[in-house]
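Now for the letters of each chain:
There are 8 protein chains.
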Amino acid sequence: MNIEEILLEVQDGRLSVSEASAILGKESYREMEFAKLDTGRKERTGFAEVVYCSGKSDEHLLKIFKRIYDTEGEVFGTRASAHQFELVRNEIPEITYDPVSRILKTGRREKELRGRIAVCTAGTSDIPVAEEAAQTAEYFGTFVERVYDVGVSGIHRLISRTAQISEANCIIAVAGMEGALPSVLGGLVHCPVIAVPTSVGYGASFQGLSALLTMINSCANGIAVVNIDNGYGAGYIATQINRLAVGD
Amino acid sequence: MNIEEILLEVQDGRLSVSEASAILGKESYREMEFAKLDTGRKERTGFAEVVYCSGKSDEHLLKIFKRIYDTEGEVFGTRASAHQFELVRNEIPEITYDPVSRILKTGRREKELRGRIAVCTAGTSDIPVAEEAAQTAEYFGTFVERVYDVGVSGIHRLISRTAQISEANCIIAVAGMEGALPSVLGGLVHCPVIAVPTSVGYGASFQGLSALLTMINSCANGIAVVNIDNGYGAGYIATQINRLAVGD
Amino acid sequence: MNIEEILLEVQDGRLSVSEASAILGKESYREMEFAKLDTGRKERTGFAEVVYCSGKSDEHLLKIFKRIYDTEGEVFGTRASAHQFELVRNEIPEITYDPVSRILKTGRREKELRGRIAVCTAGTSDIPVAEEAAQTAEYFGTFVERVYDVGVSGIHRLISRTAQISEANCIIAVAGMEGALPSVLGGLVHCPVIAVPTSVGYGASFQGLSALLTMINSCANGIAVVNIDNGYGAGYIATQINRLAVGD
Amino acid sequence: MNIEEILLEVQDGRLSVSEASAILGKESYREMEFAKLDTGRKERTGFAEVVYCSGKSDEHLLKIFKRIYDTEGEVFGTRASAHQFELVRNEIPEITYDPVSRILKTGRREKELRGRIAVCTAGTSDIPVAEEAAQTAEYFGTFVERVYDVGVSGIHRLISRTAQISEANCIIAVAGMEGALPSVLGGLVHCPVIAVPTSVGYGASFQGLSALLTMINSCANGIAVVNIDNGYGAGYIATQINRLAVGD
Amino acid sequence: MNIEEILLEVQDGRLSVSEASAILGKESYREMEFAKLDTGRKERTGFAEVVYCSGKSDEHLLKIFKRIYDTEGEVFGTRASAHQFELVRNEIPEITYDPVSRILKTGRREKELRGRIAVCTAGTSDIPVAEEAAQTAEYFGTFVERVYDVGVSGIHRLISRTAQISEANCIIAVAGMEGALPSVLGGLVHCPVIAVPTSVGYGASFQGLSALLTMINSCANGIAVVNIDNGYGAGYIATQINRLAVGD
Amino acid sequence: MNIEEILLEVQDGRLSVSEASAILGKESYREMEFAKLDTGRKERTGFAEVVYCSGKSDEHLLKIFKRIYDTEGEVFGTRASAHQFELVRNEIPEITYDPVSRILKTGRREKELRGRIAVCTAGTSDIPVAEEAAQTAEYFGTFVERVYDVGVSGIHRLISRTAQISEANCIIAVAGMEGALPSVLGGLVHCPVIAVPTSVGYGASFQGLSALLTMINSCANGIAVVNIDNGYGAGYIATQINRLAVGD
Amino acid sequence: MNIEEILLEVQDGRLSVSEASAILGKESYREMEFAKLDTGRKERTGFAEVVYCSGKSDEHLLKIFKRIYDTEGEVFGTRASAHQFELVRNEIPEITYDPVSRILKTGRREKELRGRIAVCTAGTSDIPVAEEAAQTAEYFGTFVERVYDVGVSGIHRLISRTAQISEANCIIAVAGMEGALPSVLGGLVHCPVIAVPTSVGYGASFQGLSALLTMINSCANGIAVVNIDNGYGAGYIATQINRLAVGD
Amino acid sequence: MNIEEILLEVQDGRLSVSEASAILGKESYREMEFAKLDTGRKERTGFAEVVYCSGKSDEHLLKIFKRIYDTEGEVFGTRASAHQFELVRNEIPEITYDPVSRILKTGRREKELRGRIAVCTAGTSDIPVAEEAAQTAEYFGTFVERVYDVGVSGIHRLISRTAQISEANCIIAVAGMEGALPSVLGGLVHCPVIAVPTSVGYGASFQGLSALLTMINSCANGIAVVNIDNGYGAGYIATQINRLAVGD
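Protein chains in written order, with the working numbering: chain D, 18 to 265; chain S, 18 to 265; chain H, 18 to 265; chain U, 18 to 265; chain R, 18 to 265; chain B, 18 to 265; chain A, 18 to 265; chain V, 18 to 265.
Bound conformation, chain D alone:
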C-alpha cells in the first residue's frame, strides 16, 4: 500500500488516522527508555527482530530479551557471552546457549526447515562464524547443509563435495587468511555465493581485511560479500534467497 492509497483510505474513512499513522511509521516500534524495539519489522521485512548481544548492558539486555520473548514467543540473540547466558536464564529458563556460535536463543526449535542452503568453510577455525550463519538460517526456517574444512589449498577435498554443494539454492562460503574459497566455488556452481571473510589468520591478514579484499575482487561470477565475521548477515540474506527459491 503506497502513500496515496493510504491517504485515499483515510479520506474515505476506511482507515483511521491512528491506523494510517501507524502504517506511515509513527507506531511501528515500541518505545523503551533506551531503545526503540522494531515491532513492525516482521511485518515489513518478514523477519523477527534479532538481538545483537555484544556490548549491551546487563539491564538493557534482560529487558529486551523479555520484551521480545513475551511478544513473539521466541527470542534469538547473537554474539552473546556465557555471562549473558547465565543472566538471561534466570528470567527465561528455557533459553539455550551455544558457546561455538555464541548464539543465545529459546530452545523449542521444531520449525519446518525448507529449501536448502550450504554453509562451507575453508578451515576448522572458521566454524564459529559458519555456525552463526547456519543457526541463523535455521532459526528463520531454512534447511542447512554443513560442508566444513574444504579450503582451496587441498582442492580435492572441495571437488569431491561439489555435487552435494550444488544442490543448494544459495551457498555461504566462510574463509579467513587469504579467503580464496568463494572464488573457486563461484566457478563450480549455478547458485549465488555469499562470501564471509573471517578474522582467522595472523600478520598481513589484518583481522580479516585481506580475506575481505580477496572476496570483493573475486574474478568468479555470482559472489557478494558481507562484513568480516558476519555469520548472522550471511544466514539472513541466504534465507531471503532460499525463500524466493521455495516460493515463500
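Since the hints were derived computationally from the structure, they do not count as laboratory data.
If you're wondering where the values come from, they're calculated on a predicted model, not measured in any experiment.
All clues given are correct.
Pair by pair, the computed Cβ-Cβ distance ranges are: (1) H:S183 - S:E162: 54 to 60 angstroms; (2) S:S71 - B:G90: 39 to 45 angstroms; (3) A:P110 - H:P116: 26 to 32 angstroms; (4) S:S71 - H:G124: 40 to 46 angstroms.
Pulled from the structure, derived: some chain R residues nowhere near chain A, Cβ distances all over 12 angstroms: (5) L25; (6) S33; (7) K80; (8) D87; (9) E89; (10) E108; (11) I109; (12) Q181.
No residue lacks a Cβ here, since even glycine has one placed at the ideal position from N, Cα and C.
With the hints as your guide, set chains S, H, U, R, B, A and V onto chain D.
Only chains S, H, U, R, B, A and V this time, still in chain D's reference frame:
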C-alpha cells in the same frame, strides 16, 4: 553427474575415455593461443561467457568476440571503449555499443524478460554503473525496473518509490560518496539487496573505498556487496536470485 | 506539520490527497528523465539546489541549469570547467564563470549580505578551495571576510589578524599539507571553526588525507571538519551558523 | 583589543607592563610543575577549561581538579574511570560520576539551560558517546533534546521524530557501523548537523574509521564531523552554535 | 598418473571405481567430525601434515594430534601454548615443547639432516620466529646454520659472516622494524633469500607491515617474502629448495 | 675467501694491496659519472647486471647499454618503452624489443636452456608480467613451460594441466584481481611456488595490493611472494632455484 | 627581546608603537593581494624565503619572483617547470634552470661554501631529489659532497666510500623502493643522517610510502626523516646542522 | 683509516692480521650466545650501546646489563618495566629506575652537561616520551631545557617561551593527537627541530600515525621526524647536533 557416476559409466562402457575426460575437465574449454575460452561454462553455471574488454589487445579482443559469436550466436562485452566498438563492427556488423554503460553486444535482443529486479542509484553520476548492471541482467533474461537518483540526502524521493521497489525479487543499490542507500533500502524491503559502491566522489571517498566500507558495515539486514563499480557482477548475481524466484 | 496533523487534515477535507501526498514526499521533486530535481529543497532546508557540475554530461548539465534558472531565476554550480561555461553561456547569456573557484553562476548578485564569517587559508595554493567556500556563502547571503596566507609556520601573520578574524560568527579554515591552521585558530577565537583540508601537498600528504587527519584529531575545541577540498560544504554550513546568529 | 591598541595604552600609561604582558599571553596561564592551566581560556573563548582525565596520573589529576575547583567553583572532566572518581571524591566530596558518559563533575548544576540542540543516535550502543556530548552541552548551559536509537535501517523511526528534531538550533548525530544517520538527517532539517562517528561495530568498521569516512563523504549539506567517539567536541561546538542562535 | 590414464585403467578393469575415485580425490583425506585430515598430503607434496595449534579447541587439538601420531608415528605442531603442551602430554608422553619457537612435537628426532640452509636474524627479538623456521626445516630433514643478531645497523657483523652464510642453498632472513636485512643479503650471496618480516618494533612498524613492505620492495635480486612472523612457511619453502639442491 | 685469508695473503705478499682492495670491494664496480656499474656482480652472484629501463634518461640509458654490451657481449633490459628501443637500436643494431613483456635485449639467444620451471597465469591480462618472468628466466638459461589463463574461477582448466605443471622445479604463479592461483597451486605440487601479484583489476584491487595480500596470507605451503608486477624478480629467483636443482 | 622587554621600551619611549608592533608581528610580512611575503623570515630564521613554484599561477609566480629579486638581490625556487623558466626569464634575464633538480634561481652564485655535508643516493633514479637537496644546501652556503648510486643491494659500493662520507657534518640519504640506505649509513658514521624517501619504485612502494616507513622504523641511531621527495627540506635542515658545526 | 691504508699497514707489518681483521669488522662485536654486543660501537659512532629492554627475556636482559656495566662502568636502558628494575637491582645495586620515562640506568651521573637543547611537549600526556628524550640526551652529556605543555591550541603559552626556546642548538618537539607543535616551532626558531609524534590521542589518531603524517608534511622548514614515541631516537640525534655545535 559426480565423479563416481562417471567412473561407473566408463567401467560399463557407456562413456568413452575421451568423453569422461572431457566431463572431468580436460576439454571443457577451448584452447586458443593466448586464452582458454570456457565453453563448458554455460553448462556448468547456466550463463554464457561474457567478455571483459578493458585492457585486451585489439587482436585478442577480435578473436574472442568472433569465436564466441560463431559458437553462441550472440556475444556480450563489458567495459568496452569506442575504439573497440569500431574494431569489432568491422567484423560483426550487427554489434551495438552503449557509451554510458560501455557495453558492446550483438543487437537482436528480443529474449523474454522474466521476474523482476530493481536497479536503484543514489545520484545521476552512478547511472553508468547502474546501466552495466541493468543491461547485464537483461542480457541474461531478467526484467529490470530502473529507479535512479533516490539518494538518502533527500529521503522522501526514496520513500515515495518504496512500494514500486518492493515488488522486485532482488534490488541492486548503486551509490558512491558515502554509499548509504543500501542501508536505508535494507530496512524497507523483504528481498535481498546487492550493494554496488561506485568510484563517484572526491577527497576522502578514495575512489569508492569509503562507499565500499559503508556498505560492508551496514547495520541493515539482507545486504551483500560487490566490488567498486562492478555493475556486471551485481547484474549477474541478481539474475541468479531472480531465476530462483521465477523457478528457472 | 507532522504526519498525524496531515492525516487529520486529509480526514477533515482541509487537505486534498494530492496535496498531502506532495507534502509527504511524492511530489516534492521534479522528475526528469535522468534526475529528480529536489524542488522542495528550499522549502525543506532553506537553501536552493546547487549543481555539482563535475562529471555531468553536456546534455544533462544544460537541462538542469535551464530548469533551475527558469524556476528559481538564478542558478549556481560548483566544480565547473571552462568547457561547461561555454556550453551554458549559449543558453543562459548572463552566466559568469570564475576559473579560480570554478563556480558557474548567473551574475546579478546584489543580495544583501548579512552577518559575518571569515575564510582563512594557510597558503596561496589553498585559495581555490577558499573561494569556493566564500562565494558559496555569499550566494546564500552571507558577508565574507577573506584572510589568506596566514599559515602556522609564520605564526605572527596569523596573530596580527586575530582581532579581525574574531569578529566573525563562524570561521572557515582552509589548509593543505599538515593542516594545522584550524588547531591554532580554535584556541584564539570564540566562534565555531569549520576546517577544510585541501589536497595541496605532495608525498605523504596523500592528496589531503594527512590534513584531514590532523583536523579531525585537533586538540583545540570548537572545530568540525568537512571533506577534502569541499569548499562548497564549508560555505553551506557556515551560512547555516551565520543565519542562526543573525536571527534568520 | 589588538596589539597596536595595547601598545598605545602602554605608551599612555593606561596599561601597566605587567597587565599588557598578561594580555599578550605571558600570564594567561598558571604554571604548575607539570602543566600550564589555561586560566585565560574562559576570557578568550567563553568556555571554562575541561579536564581530559584519561591517562593522567593520580597525582596530576587530583592537583588539576582541586586547582580548577578552587578557582572556578566548579570542575568538569571527561573520560574518567571509576577509580578516578574514588580518588577525587576524597578531596571534593560533592563530585559526581556517570559511568555511562564517564563524566566526572561537581554536582550543583542548576544553570539555566538556553536554546535547544538535539542529540540523536543510530543505536543504543552509541549512547555513551551521545551522553558525553549531551552532558557537555548542558554543562555549558545548553538545553538538550535526546533522540536515541533512530538509525537509518528502520527509517520510519527517524521520520516520525523529524518534527521534534527540527526545532533544534543544531543537531548532534552519533553513529557507528556504517554511520549513515547524519546524511539522512542533513536532508531533513534546516540547521547544522555535527556528525560524531563512534567505534561501535566490528570487522571492517575499523574502530570507527568506516563511520568517519561515511560522514566526511556525506552528499547531504550542512554536515561537519568531529573525531571518533568525540562526544565532548561535538557538545562544545554545538554549544557555540546554540549560543549564536540565542544571542549570547 | 593423469586423468586420462586413470580412466583407461578403469576401462581396462585394472583399477576399480573406488580406487579411481580415491585417486581422483574422493578419499584422499580422512573425515573427522570437524576436520578433514589431509592424509594424501605426504603423497601429493612430499611433506607430512603440520598442525597449526593456535585457536584450536582442546578437544579438537587432542584428537588431531593423536590421529596423526597414530598414523604417522610422529607429529609436529606450531604456535602452541604451554597449556596445549600440558594437554597433549597427558596423551602422548614423549611430546616436547620449546617455549621460544612455540613448537610442540614428538621428541625422537634423529633424522639425517641433509644439505644446508642459513637462518639469519636482524636482532635478538626476531629469534622466536627464526627458531620456528629453523626447527620446521630440521623436522623436514634440512641441516640449518643459525646466524643471529646481524642486523644492518652494524653492517660489519653481517659482513664478517658472509663467507659462512654463502655456503647455504637457501637463506632465511628474519627481521622486524625496518626489515632491511634481506636487501643487503640479496646483494652478497648466490642463493635464494626467503624474507620473513616480524612484528618486532613499535610505532610506525604497524605490527610488521612496514618490514613486509620493505622486503617486497627490495631492489636486491633473489628475494621472495612470506607472511609476517611466518617462520613455519619460510622453513617449509627453504626445505623444498634445499631438497632440489641435494637431489631429493 | 674471507677477510682473514685475504689479509694473510697480503701479509705474505701473495696478494697485492690493490688486488686485495679490489676483492674487499673498492674496485668491484665501474665508476660512471652518474652510476656505478656493478661489474663484480656476475662474479659475486652468478648473474650479469640487468638494466631497469623505466625512468632512465635517454643519455644515461644509452651509455649503460653500450658499456654492458661492450663488456659482456650481451645486454638485457626490462620495462623498456618503444621509444627506448628506437634509441638503442641506433647504437646496437642487433637489439630486439618485445612490446608485450617490454624487454629490450640483444638477439642472439641460443643458450642451452636447462632444467624446467613453469610460468602460470590466472588470466590473459596477466601475460605481460608472465612474459617478463619467462624471458628473464630464459635469458639466464632456464627452460620455461608457459601455462596461461588457468585461473581458479574455472578450476577444471587448472586441474587438467596439473600433471604437466608438476614436472617443474619451480612454479611462477602470476595473478591479479583476487590472486588466488598460488594457493591452489601450492596444494597440488611438490615444488616451491613464487607468487607474483599483478596490478590487473579495478576498484578494491588497489593496483595489486589486494592480490599481494592474498598471496602473503596463503594458507597453502611452499609459497613466497615478490612485488606487484615484478616478473623480473620472479624469473630471477626461479632461476636460482632451478640452478640448484640442475646442479649449477 | 621578549614581550616584557618590548613593552618596557614602549613605556619608556625608547620604542615607538609602530616599531613594537612590527617586532610583535604586525609588519614582518609584506602584504600582496594574494600572499603575505615573509620578509621578516631571514631575520627570524637566518634563511631567505624560497619559492615553491609548483601549482602557482603564472601571474602570481612572476610577481613573487620579482618582488623577492628586487628586495633580496637573488631568488631561489623549487619544483619549477620549463614553462615557468621561460616565463621568469622574460623578466629576470639572469635566471637559470636545472631540469634535473627543477630548481629555478638567479645565477651569480659565488658564495663561499663552508663546512661539509654529504648527499648520498641509493640509485640513479633518486638523483633529481638529491640534486634538489644539494643545490638547496649550496644556495644557503654549504659545501656538498655528492655520493650517488651506493644502494645497499651492492653494499661494497657503499663501504668503499665510507671514509669519504664520514668527513661530513651531516649526511642526506636519499632512497626509494625499500629505502634501506639510511639504516646502513646510520651504523657507519658519527654524524646525523637526514633520510629522504623518494617516490622511485613501483607496486607496493606506494609512491614512496614504503620507503618512508622503512626510514621511520630504522633500528639505527641518528636518523630523522623528511617528506617523500622533499630534497629541499633535507637541504635546509642539513644546512642548519652544518652551520652549527662551523659556528655560524 | 680506509681499506687501502689498512692493507698497506698489514703489508708493512705495522698492523697484525688479527688487528686488521678486528678493524675490518671481524672482532668489533662480542659474541654472546644469543646476541652480538656492538663493542666497537663507541669507537665507530661516539656513543656507547644503549639497551632496548622491552621484550627481552629476563635471562638475556640481565646478561646484557652486566656485560655492559662491567665493560663500560655504566649502563643505560630504555622502555624498561618495574619488573626488570627489580631483576637488575639484585645484580647491580646502584641501578635506578624512572617510571615516567621507563629508563633504567646506573645512577652516578655527574657528567658535565654541555651545549643546550630544548625538549618541548604539546600536552602533559606527552611527558613520558619527552623524558625519554631528555634523559637520553643528558646521558650522552647534553644540557636539556624542558618546556612542557605548550601545545598550539593555546598559542600564547608557546609564544611567551619562544625567547627561552630559541637559545637551544636543537629543539625536540613532542606531540600527539594532531601533532602541530613542530610546524609552529619551525617558523619561530633558527635551529633544527626534531619532531617526535606520540601515540597520545584516540579515534582517528591511529596510535600516532596521524601526528606522524602531520609532522612529515610540515610546511615549516628545518623539521625532521623520528618514529612514534621514539624519545630515545630524538635524544640521540639531538645530541649529535648539539655536539657539532659545541665542537665535540
